[in-house]
Amino acid sequence: EVQLVESGGGLVQPGGSLRLSCAASGFTVNSHYMSWVRQAPGKGLEWVSVIHHDGNIFYADSVKGRFTISRDNSKNTLYLQMHSVRDEDTAMYYCARVSYISSWSYYFDYWGQGTLLTVSS
Amino acid sequence: QSVLTQPPSVSGAPGQRVTISCTGSSSNIGAGYEVHWYQQFPGTAPKLLIFDNNNRPSGVPDRFSGSRSATSASLAISGLRAEDEADYYCQSYDTNLIGYVFGSGTKVTVL
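Taken in sequence, the protein lines are chains A and B. Under this note's numbering, the letters of the first sequence match residues 10 to 130, in that order. Under this note's numbering, the letters of the second sequence match residues 62 to 172, in that order.
No lab work stands behind these hints: they were computed from the structure. Beta carbons are placed, not taken as given, at the ideal position from N, Cα and C, and that holds for glycine. Take these hints with a grain of salt, some might be off.
A partial selection of chain A residues facing chain B, derived with a Cβ cut-off under 10 Å [what the hints assert, rightly or not]:
| id | residue |
| --- | --- |
| 1 | Lys52 |
| 2 | Leu54 |
| 3 | Ser58 |
| 4 | Ser108 |
| 5 | Tyr115 |
| 6 | Phe117 |
| 7 | Trp120 |
| 8 | Gln122 |
Computed list of lysine-lysine pairs in BS3-like fashion (alpha-carbon distance at most 27 Å, straight line) [said to hold, decoys possible]:
| id | chain 1 | residue 1 | chain 2 | residue 2 |
| --- | --- | --- | --- | --- |
| 9 | A | Lys52 | B | Lys168 |
| 10 | A | Lys52 | B | Lys108 |
| 11 | B | Lys108 | A | Lys84 |
Label pairs and their in silico Cβ distance ranges [said to hold, decoys possible]:
| id | chain 1 | residue 1 | chain 2 | residue 2 | range |
| --- | --- | --- | --- | --- | --- |
| 12 | A | Gly19 | B | Leu158 | 23 to 31 Å |
| 13 | A | Gln122 | B | Ala143 | 22 to 30 Å |
| 14 | B | Ser119 | A | Asp70 | 30 to 38 Å |
| 15 | A | Ser16 | B | Ser72 | 31 to 39 Å |
| 16 | B | Ser86 | A | Thr77 | 35 to 43 Å |
All chains, please: the whole structure from these sequences, using the hints.
Right, dumping it as structure tokens:
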């Protein structure tokens, strides 16, 4: 059974740093595209970053240069290192597996339960 | 502001059919990228509802169906039930942004 369990969220001051983790089971993270998606309180879903099975990485413009996605194959875990956080980064952060049938189709087939980041002084 | 536009809310009586539109552009849906839909209940993670425009994952009732044309897509819920009251999001890929994009979300209310 595929499972994704996020952890690491919490209260951080503006300008601070935090690392989120996503422990995967039932599959290996390095054989799939893996992504982070966030949702600010009362708002919609926003894609944050993706790491491909071949190691290619992409970011949303809103986090580029501040956030870093990575994975540890030995721990089958996905990470999101966040630096210089801002008030607008406050959100529930979901880890999600990306499924792709072709180069025209990319969707999130499994999601974790989320971990909450609150940026506040 | 979301790249894909959805109506903020739709409503219907039990048993009725409701549709949710998702309007994109030539850099996402119009470029040929497939559209996917997610259902989200308050306080829970989104769940994949429809993939590749009109395919349902195992366990999703056939009351849910999707369609796509040109630069837009639609999700239809037929035989509306109280348990369908949730937020619904469309999603695709955008070649200009080089990333995944979501719709603004639609809240479905069962009257």
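Hint check:
Hint status for Lys52/A relative to chain B: holds, with the closest Cβ pair at about 8 Å, below 10 Å. Hint status for Leu54/A: holds, given a least beta-carbon distance of 4 Å to chain B, under 10 Å. The restraint placing Ser58/A at the interface with chain B holds, with a minimum CB-CB distance near 9 Å, inside the 10 Å limit. With its C-beta approaching chain B no nearer than about 7 Å, Ser108/A sits inside the 10 Å limit, and its interface hint holds.
Using the Cβ-Cβ criterion of 10 Å, the hint placing Tyr115/A at the interface with chain B is satisfied: the shortest such distance is roughly 5 Å. Evaluation of the Phe117/A hint against chain B yields a held restraint, the C-beta minimum of about 7 Å falling below 10 Å. Contact between Trp120/A and chain B, as hinted, is supported at the beta carbon level, the nearest pair being about 4 Å apart and thus within 10 Å. Satisfaction of the interface hint for Gln122/A is found here, the shortest Cβ-Cβ separation to chain B being roughly 6 Å, below the 10 Å cut-off.
This hinted pair checks out: Lys52/A and Lys168/B have alpha carbons roughly 12 Å apart, not beyond 27 Å. Restraint check: the Cα-Cα separation between Lys52/A and Lys108/B comes to about 17 Å, which is no more than 27 Å; the hinted pair holds. Using a Cα cut-off of 27 Å, the hinted pair Lys108/B and Lys84/A holds, with the two alpha carbons roughly 25 Å apart. For the pair Gly19/A and Leu158/B, the supplied restraint of 23 to 31 Å holds, since their beta-carbon distance comes to about 29 Å.
Separated by about 24 Å at the C-beta atoms, Gln122/A and Ala143/B satisfy the suggested range of 22 to 30 Å. The hinted window of 30 to 38 Å between Ser119/B and Asp70/A holds, with their beta carbons roughly 36 Å apart. About 38 Å separates the C-beta atoms of Ser16/A and Ser72/B, a value consistent with the hinted range of 31 to 39 Å. A beta carbon spacing of about 30 Å between Ser86/B and Thr77/A contradicts the range 35 to 43 Å that was offered as a hint.
Checked against the numbered hints above, the structure violates only hint 16.
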